[in-house]
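Participant: Next come the chains, spelled out residue by residue.
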Amino acid sequence: MDKTLYTLIVYSENIAGLLNQVTAVFTRRQINIESLNVSASSIDGVHKYTITAWTDEDTIKKVVKQIEKKIDVLQAHYFTDDEIFLQEIALYKISTPELQSNANVSKIIRRYNARIVEVNSVYSIVEKPGLTEEIIALYKELQEAGCVLQYVRSGRIAITKSRVERINEFLAGREEKHRHCYNDLN
Amino acid sequence: MTEEYITGAEALMRSLERQGVDTLFGYPGGSIIPVFDALYDHRDKLRHVLVRHEQGAAHAAQGYARVSGKVGVCLVTSGPGATNTITGIADAMMDSTPLVVIAGQVGTLLLGTDAFQEVDLVGVTQPISKWSYQIRRAEDVAWAVARAFYIAGSGRCGPVVLDFAKNAQVEKTVYKPTVVDFIRSYEPVPDTDQASVEKAVKLIDEAERPLVLVGHGVELGNAQKELQMFVEKADAPCGCTLLGLSALPTSHRLNKGMLGMHGNLGPNVKTNECDVLIAVGMRFDDRVTGNLDSYARQAKIIHLDIDPSEINKNVKVDVAILGDCKQTISLLSQKIRKNSHTEWIDSFKKYEEEEYKSVISKELFPASGPLNMGEVVRAVSDAVNDDAVLVTDVGQNQMMAARYFRYKKERSIVTSGGLGTMGFGLPAAIGATFGQERTVCVFMGDGGLQMNLQELGTVMEQQAPVKMILLNNNYLGNVRQWQAMFFNHRYSFTPMLNPDYMKIMSAYGIPARRVMSRDELADAVKEMLSTKGAFFLEACVIEEGNVLPMTPPGASVNYMLLDC
Ligand SMILES: Cc1ncc(C[n+]2csc(CCOP(=O)(O)OP(=O)(O)O)c2C)c(N)n1
Ligand SMILES: [Mg+2]
Numbered sequence: 375m376d377k378t379l380y381t382l383i384v385y386s387e388n389i390a391g392l393l394n395q396v397t398a399v400f401t402r403r404q405i406n407i408e409s410l411n412v413s414a415s416s417i418d419g420v421h422k423y424t425i426t427a428w429t430d431e432d433t434i435k436k437v438v439k440q441i442e443k444k445i446d447v448l449q450a451h452y453f454t455d456d457e458i459f460l461q462e463i464a465l466y467k468i469s470t471p472e473l474q475s476n477a478n479v480s481k482i483i484r485r486y487n488a489r490i491v492e493v494n495s496v497y498s499i500v501e502k503p504g505l506t507e508e509i510i511a512l513y514k515e516l517q518e519a520g521c522v523l524q525y526v527r528s529g530r531i532a533i534t535k536s537r538v539e540r541i542n543e544f545l546a547g548r549e550e551k552h553r554h555c556y557n558d559l560n
Numbered sequence: 054m055t056e057e058y059i060t061g062a063e064a065l066m067r068s069l070e071r072q073g074v075d076t077l078f079g080y081p082g083g084s085i086i087p088v089f090d091a092l093y094d095h096r097d098k099l100r101h102v103l104v105r106h107e108q109g110a111a112h113a114a115q116g117y118a119r120v121s122g123k124v125g126v127c128l129v130t131s132g133p134g135a136t137n138t139i140t141g142i143a144d145a146m147m148d149s150t151p152l153v154v155i156a157g158q159v160g161t162l163l164l165g166t167d168a169f170q171e172v173d174l175v176g177v178t179q180p181i182s183k184w185s186y187q188i189r190r191a192e193d194v195a196w197a198v199a200r201a202f203y204i205a206g207s208g209r210c211g212p213v214v215l216d217f218a219k220n221a222q223v224e225k226t227v228y229k230p231t232v233v234d235f236i237r238s239y240e241p242v243p244d245t246d247q248a249s250v251e252k253a254v255k256l257i258d259e260a261e262r263p264l265v266l267v268g269h270g271v272e273l274g275n276a277q278k279e280l281q282m283f284v285e286k287a288d289a290p291c292g293c294t295l296l297g298l299s300a301l302p303t304s305h306r307l308n309k310g311m312l313g314m315h316g317n318l319g320p321n322v323k324t325n326e327c328d329v330l331i332a333v334g335m336r337f338d339d340r341v342t343g344n345l346d347s348y349a350r351q352a353k354i355i356h357l358d359i360d361p362s363e364i365n366k367n368v369k370v371d372v373a374i375l376g377d378c379k380q381t382i383s384l385l386s387q388k389i390r391k392n393s394h395t396e397w398i399d400s401f402k403k404y405e406e407e408e409y410k411s412v413i414s415k416e417l418f419p420a421s422g423p424l425n426m427g428e429v430v431r432a433v434s435d436a437v438n439d440d441a442v443l444v445t446d447v448g449q450n451q452m453m454a455a456r457y458f459r460y461k462k463e464r465s466i467v468t469s470g471g472l473g474t475m476g477f478g479l480p481a482a483i484g485a486t487f488g489q490e491r492t493v494c495v496f497m498g499d500g501g502l503q504m505n506l507q508e509l510g511t512v513m514e515q516q517a518p519v520k521m522i523l524l525n526n527n528y529l530g531n532v533r534q535w536q537a538m539f540f541n542h543r544y545s546f547t548p549m550l551n552p553d554y555m556k557i558m559s560a561y562g563i564p565a566r567r568v569m570s571r572d573e574l575a576d577a578v579k580e581m582l583s584t585k586g587a588f589f590l591e592a593c594v595i596e597e598g599n600v601l602p603m604t605p606p607g608a609s610v611n612y613m614l615l616d617c
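Protein chains in written order, with this note's numbering: chain L, 375 to 560; chain E, 54 to 617.
Keep in mind that the hints were calculated from the coordinates and are not lab data. Beta carbons are placed, not taken as given, at the ideal position from N, Cα and C, and that holds for glycine. Hints should not be assumed to be uniformly reliable.
To be verified - In silico BS3-like pairs for lysine-lysine, Cα to Cα no more than 27 Å straight-line:
{"#": "1", "chain 1": "L", "residue 1": "535", "chain 2": "L", "residue 2": "422"}
{"#": "2", "chain 1": "E", "residue 1": "252", "chain 2": "E", "residue 2": "379"}
{"#": "3", "chain 1": "E", "residue 1": "366", "chain 2": "L", "residue 2": "436"}
{"#": "4", "chain 1": "L", "residue 1": "551", "chain 2": "E", "residue 2": "229"}
{"#": "5", "chain 1": "L", "residue 1": "436", "chain 2": "E", "residue 2": "379"}
Stated by the list, open to error - Some chain L residues close to chain E (C-beta under 8 Å, calculated; not the full set):
{"#": "6", "residue": "386"}
{"#": "7", "residue": "387"}
{"#": "8", "residue": "391"}
{"#": "9", "residue": "394"}
{"#": "10", "residue": "395"}
{"#": "11", "residue": "398"}
{"#": "12", "residue": "439"}
{"#": "13", "residue": "448"}
{"#": "14", "residue": "545"}
As the list claims (entries may be wrong) - Pulled from the structure, derived: some chain L residues nowhere near chain E, Cβ distances all over 10 Å:
{"#": "15", "residue": "378"}
{"#": "16", "residue": "413"}
{"#": "17", "residue": "428"}
{"#": "18", "residue": "451"}
{"#": "19", "residue": "457"}
{"#": "20", "residue": "486"}
{"#": "21", "residue": "489"}
{"#": "22", "residue": "508"}
{"#": "23", "residue": "514"}
{"#": "24", "residue": "531"}
{"#": "25", "residue": "533"}
{"#": "26", "residue": "538"}
The following block holds chain L by itself, in its conformation from the complex (with noise of 0.2 Å):
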């Protein structure tokens, strides 16, 4: 079957525990994830993850189904590159004599755009959102220099170009169904 990199993009409550209950899902079914991301949302107290695996659409609809029935869940929708803005970041250690000797090294930083944040005589750190692709790319040249330290590559983040968010018209629904809602999350 045909598979494709997609994005899944969950908000549910901050509550202990729940990071295991949705990677187990994915486990169950033997995908892989590719990256993880979990942080604060915009709405306060809602937890958002950006997740992204390759798989086919019929198993990714089912994976969603079953992440959306834990009960701390508020939502989990599935995405394909051209419907969300998306987003990584790397960090490159790079020897700093190195860096310094080798006229090329910030030849190659300057034509992707990376940043350098930080120097002192032993290392320097090289910064660089992007895409997969071009992160890598990055890696691969500075390796081939022979400067590289430490490497370090982000999960996806992800943002959708919808113009409705789901996630706050869900709560707005779910707030008017029960009106009345006791006690509930402390």
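Got chain L; can you put chain E with the ligands on it based on the hints?
Facilitator: Just chain E with the ligands now, kept in the frame of chain L:
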């Protein structure tokens, strides 16, 4: 007015009483002593049944819940007490049984230190429960209990775990009665889409060969009457899943029997002949569908369910109707036209006759030889006038009991379907006697009985009126059958040496009788039913009997072996 300060344990008692709990199944231990201490003062309202193993507590609570429609409650200690309930929690998850398991936990200061009898219960139970929560403060008790019962008993029911830290049991708080009937992240009953209902109505009205699959959801949703009205108006024959068997009386003219691997020939064959398949509160389990690639390919499929994640999970459907089936079935009934499918319904007869001739008559009326499981089951069903609650263990005994028992009333079958838990029967039957007034008959195999044999102690102490029938074949019969059919009769570790059950029963003071032959059977069953309270009937049945018909694993639903 001064506020009253009470312990977290006392708050738990009041919260349970507020939920209408009257029966708990449990076992004490170090981390739950404060709760048992509080319980001591609530014995008049909260009946506690002391089991002999915490797995028994979980299954008993399941049995109680399944027959009563209420939430079953277990109370156990931390560590091993809690882990002993795991099988019951997983079983309740698979079979959508409302359960609240309250387990002690070490104090919060000790959490994470491998303290004595500490186990990460929330971590362990999250994948097998509907919700799992650790109570760390006495002031959270009322809220957590209210939330637990709301989650366990609403929507698609399931087990909830409350991991109750010891400090929260003894610390004081002001008890505020709490109601939870709304959780914004949890929608127990999804909205019904009217357009889907219209589509379904059209399909049903135009159907020439409709078939209804009746699942456990009909019982869970208390929609038995609604279902009956619906199938009568549509004049649609039905097949029931194992857990849906008593949702429609066995004798109803449209009830064509059980679906699945050891179900009846008619509904299985007809699954691949119908033009519209209407699945109600069932989840297309692989034991029901057989090979998915050839399952009901010719049919338009309508699926009514309360759980959106079941839609298209195993079988792609044409129309999904989400919602509470009590409402959605009624909606369909109102909108469909009165129909008649006499010819289609009559076409089942051929398969009924074929199954009767090659399987049923041989099972029920053998000319000679040892007792068959089926005839024992039918003798009991006849003697109780089809009016008892059937509980089963797992294995051949389960399939034979399900096939040959008859159901007159709703909520009359309690069996471990999704998980197939051996050892479920005896404790579940004990629990069932606390959940309603009817006679409870449990059929067990020699293997499964011994998996929770210790619960005979509970039967004895509680004088639980369980009618226990052991179908003793001296084998792990279900596995032996597979070994015979698919592994060249290599009976690897399935023959079993049995103890003298009459002696065991006499040690527990439980009246018992062993039957070996056909002519004693009716009399023994009569003695069992006329004896007040518990009774143990050991039927020594054919050793190498087989459950038939059978759809071999991986075969199509319409392919059933009548012989082997
Ligand atoms: C806890 C557990 N262990 C193992 C099994 C696998 N199993 C299914 S049926 C069966 C044989 C059951 O034997 P018995 O209880 O004597 O019943 P019979 O099939 O002979 O009626 C076994 C071992 C199971 N279902 N549950
Ligand atoms: Mg056996």
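Participant: Run every hint past the structure and note whether it holds.
Facilitator: Here is what the structure says about each hint:
1. L:535 with L:422: holds, 16 Å
2. E:252 with E:379: holds, 19 Å
3. E:366 with L:436: holds, 7 Å
4. L:551 with E:229: holds, 25 Å
5. L:436 with E:379: Answer holds: residue 436 (chain L) to residue 379 (chain E) is near 26 Å, not above 27 Å.
6. 386: Since chain E brings a Cβ to about 7 Å from residue 386 (chain L), closer than 8 Å, the hint holds.
7. 387: Where the cut-off is 8 Å and the nearest Cβ of chain E is about 5 Å from residue 387 (chain L), the hint holds.
8. 391: holds, 6 Å
9. 394: holds, 6 Å
10. 395: holds, 6 Å
11. 398: Residue 398 (chain L) check passes; min Cβ-Cβ to chain E is 6 Å, inside 8 Å.
12. 439: Since the shortest Cβ distance to chain E is 4 Å, the answer is holds.
13. 448: holds, 5 Å
14. 545: Cβ of residue 545 (chain L) sits 7 Å from chain E, so the hint holds.
15. 378: holds, 18 Å
16. 413: With a cut-off of 10 Å, residue 413 (chain L) remains clear of chain E, as the shortest Cβ separation is near 18 Å.
17. 428: Nearest chain E Cβ is 21 Å from residue 428 (chain L), so the label holds.
18. 451: holds, 14 Å
19. 457: holds, 22 Å
20. 486: holds, 42 Å
21. 489: Holds, since 40 Å exceeds 10 Å.
22. 508: holds, 37 Å
23. 514: holds, 39 Å
24. 531: Label holds. Min Cβ-Cβ 22 Å, cutoff 10 Å.
25. 533: Holds: least Cβ distance 21 Å, greater than 10 Å.
26. 538: Given a closest Cβ separation of 18 Å, the condition holds.
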